[in-house]
Amino acid sequence: QITLKESGPTLVKPTQTLTLTCTCTGVSLTTSGVGVGWIRQPPGKALEWLALIYWDDDKRYSPSLKSRLSITKDTSKNQVVLTMTNVDPVDTATYYCAVRTSGGSFYPYWGQGTLVTVSS
Amino acid sequence: DIVMTQSPDSLAVSLGERATINCKSTQSVLYNSDSKNYLAWYQQKPGQPPKLLIYWASTRESGVPDRFSGSGSGTDFTLTISSLQAEDVAVYYCHQYYSTPSSFGQGTKVEIK
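Order-wise, the sequence lines are chains Z and P. So the first sequence is numbered by my numbering: it starts at 1 and just counts up by one. So the second sequence is numbered by my numbering: it starts at 1 and just counts up by one.
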């Protein structure tokens, strides 16, 4: 059974750096075809795809946020870390990590999400 | 970037009736080399993460009731709930994974009439 859990701060001040961790169980981040993505959802709004890291360490970013995002993985801990610099109140959202296991980058497995509020 | 537009934004359907949600992409998401449409559908209930219903435009995820079906190709897609049940009240999103950045539709809220 694949489970994901997001962790990180619930409140961040504007201009600070946000670091979120996705801890994965039931799946190895080095298995061919596996990828972990980050998707966010502002309160009451739609889903927005942010980034994806593949088993082979290939990375993809949303072009609109690429300059502020970094995605890495720690295979020893089976974790994926998303870093977002220079946060703004518009970055307030629930942040989800999700796993793709093979074929296309659709997401059968999601974490419960973590709400991050950006406010001074 | 591929933009996904869903219609309608919301709909109210009587229990047991059909619900139809449309999704249109600004570019084709049909990959010619494998003849697959890189399009998925998710269901999201309040306070929950999205749940995958359909991928490759028409393949139902394991465990998803067969009243959910997906169709379409290229740039036009449809999610159909053949007989709406009370537990189907949710927001539904289409998602293209054909190209980076991956993108979602704005969502369609389905309610009971």
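Incorrect hints may have been included.
Mimicking DSSO-like on lysine-lysine, the simulated pairs with C-alpha atoms at most 27 Å apart in a straight line are [what the hints assert, rightly or not]:
1) K5/Z - K45/Z
2) K45/P - K5/Z
3) K51/P - K45/Z
4) K45/P - K45/Z
5) K5/Z - K113/P
6) K51/P - K77/Z
Quick caveat, the hints were computed from the structure, so don't treat them as lab data. Note that the coordinates shown come from a computational prediction; the quantities given were computed from them, not determined experimentally.
*Given hint K45/Z paired with K5/Z - CA-CA distance at most 27 Å*: holds, 22 Å
*For the pair supplied as a hint, K45/P and K45/Z, confirm whether the alpha-carbon distance does not exceed 27 Å.*
holds, 13 Å
*Quick one, are K51/P and K77/Z close enough, alpha carbons at most 27 Å?*
Holds, because 26 Å separates the two Cα atoms, which is no more than 27 Å.
*For the pair supplied as a hint, K45/P and K5/Z, is the alpha-carbon distance within the 27 Å limit?*
Judged against 27 Å, a Cα distance of about 19 Å means the pair holds.
*Does the structure keep K51/P and K45/Z at a Cα separation of 27 Å or less?*
holds, 17 Å
*CA of K5/Z to CA of K113/P, is that 27 Å or under?*
violated, 36 Å
Checked against the numbered hints given earlier, the structure breaks only hint 5 and satisfies all the rest.
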